[in-house]
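Enquirer: Hey, can you work out the whole structure from these sequences and the hints?
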Amino acid sequence: MRSTFTTTTTLGAALLLPSLAFSQSSGCGPAPSNGIRPSIASGYTYQVVATGLSRPRGIHIDTEGNLLVVERGKGAVTAHTLEEENGCVSIASSTDVTGDIDLNHGIELSPDGTTLYASNSDDMFSWTYDPSTRTVSNRNTLITNLTGVGHSTRTLLLSRKTEGMMVVSKGSMENIDILAYDVSTGSSQVKAFNLTNVTDPYDYNNEGLLMGWGLRNEVGIGEHPESGGIWGIENSADELFRHGVDIHRNNPAEKINFLGYLDGTEYEYQGANFGYPWCFPVWEVDELPQNENLTVGSQFAIDSTPEANGQNRTDEYCAETAPPRLSFQAHMAPLDIKFNNSGQEAWIAWHGSWNRDDPVGYALSVVSWEQDGEPTDPPDSMTAKTDIFGNEDLSRCPGNCHRPVAMAIDAQGRIYLTSDSSGEIYLITKLEESDDGGDGDGDGDGDGGSGEPDIAGLPLHGQARLCGLVACLLSVLAFFVW
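The sequence shown runs -23 to -1, 1 to 459 under mature numbering (1 follows the signal peptide of the UniProt record, and there is no 0).
Please keep in mind that the hints were generated in silico from the structure rather than gathered at the bench.
Using 30 Å as the maximum straight-line C-alpha spacing, the simulated DSS-like pairs for lysine-lysine come out as follows:
(1) Lys138 - Lys315
(2) Lys51 - Lys315
(3) Lys315 - Lys407
(4) Lys407 - Lys138
As the structure is a computational prediction, the values presented were derived from the model and not from experiment.
Expert: Quick look at the structure:
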């Protein structure tokens, strides 16, 4: 299955409106905050579940269906009981779970739902958790020495395929971090730890199973539900030069890396050097000087920088580092990757750019995956993702846009998505598919749900608040007929 989505309408609608993509709100809950105007691909709908949260980041669903959220502005995990009526989901009550210990992103739950894990920039903790009362007790420190300035999030992933194994990422100290070249520093690495019988806290820098190093900021970590493979999605560097040329607008690429397995299955690049701080993946080949041997996803060398003490490497050196499996537009800032239950879809949350004249990212996308655990697209693809939930007008970003951070997928396949800048949680729901299985804009170029012009004075998402999909289609057809 390719990562494309086709819009299904009546024959008449197809003839009149061949490229129309509806931006459909469910009509439930409050309006988005700060005048945000979301867009969503045909075949999906969204609703705002929560507003007014304090920089919500990591999110999990407990065994009672409560949302557990790391509110970075509070430094704590909070719990939110949901209520649902006629498909509309809202927050019935909220409570502080952990208290303020500077928690900032990472969160996990044991499979039985009775142990909560969370992290700050220094340590990873566990608590005994009671989902019926949404309370914790018996706090323990399981991993220490996560300390570092710069990228402060410490993403957690508790394996569902290999019992007791916790994957933890630690990003770089700065944009170009010379410490990342020294494996003993623990900087820019992803490691795994066996929590089955922990008696004393692990030291992150000196213990654990090394999954990969030279990984600048692997905030998103996901486990394929069939193969058990561990995948990371990386925030690449800013403000780079190559042979004296400023290349930062469209290079380097953001990337998906395969980090191997937790069950002992051998993999060529498990524990390998993925290139940072010397090497970065190509996105726009034509914008790089001396690009003769480069393609999308190739690792290339950059000019020396003061942060790297004037050091650099060559393209030949970079070609020997572990390559990315997929690459994406520079500066979109991926913060999460989650697989659906079948393992045939990988969902990615793009937080959005900060240093690009034309903003990019600010979206939730899907990438097609094979059941054997590999992406459908080849490594040099530039069309692997399809945007599902985004913002109508990226020129309004970041101030008047949602900024996706992290996801939790419920038993129905619905996606709860946090937006830290706007203090919101959105719920993304896939509508029942039509007979041909179509569910998007069909061109595979990643622009599904980008938003359409106003029709009869109302933006499409506003029309969808007033009518269901069928009624909305009829109203649009009537407009064109008249």
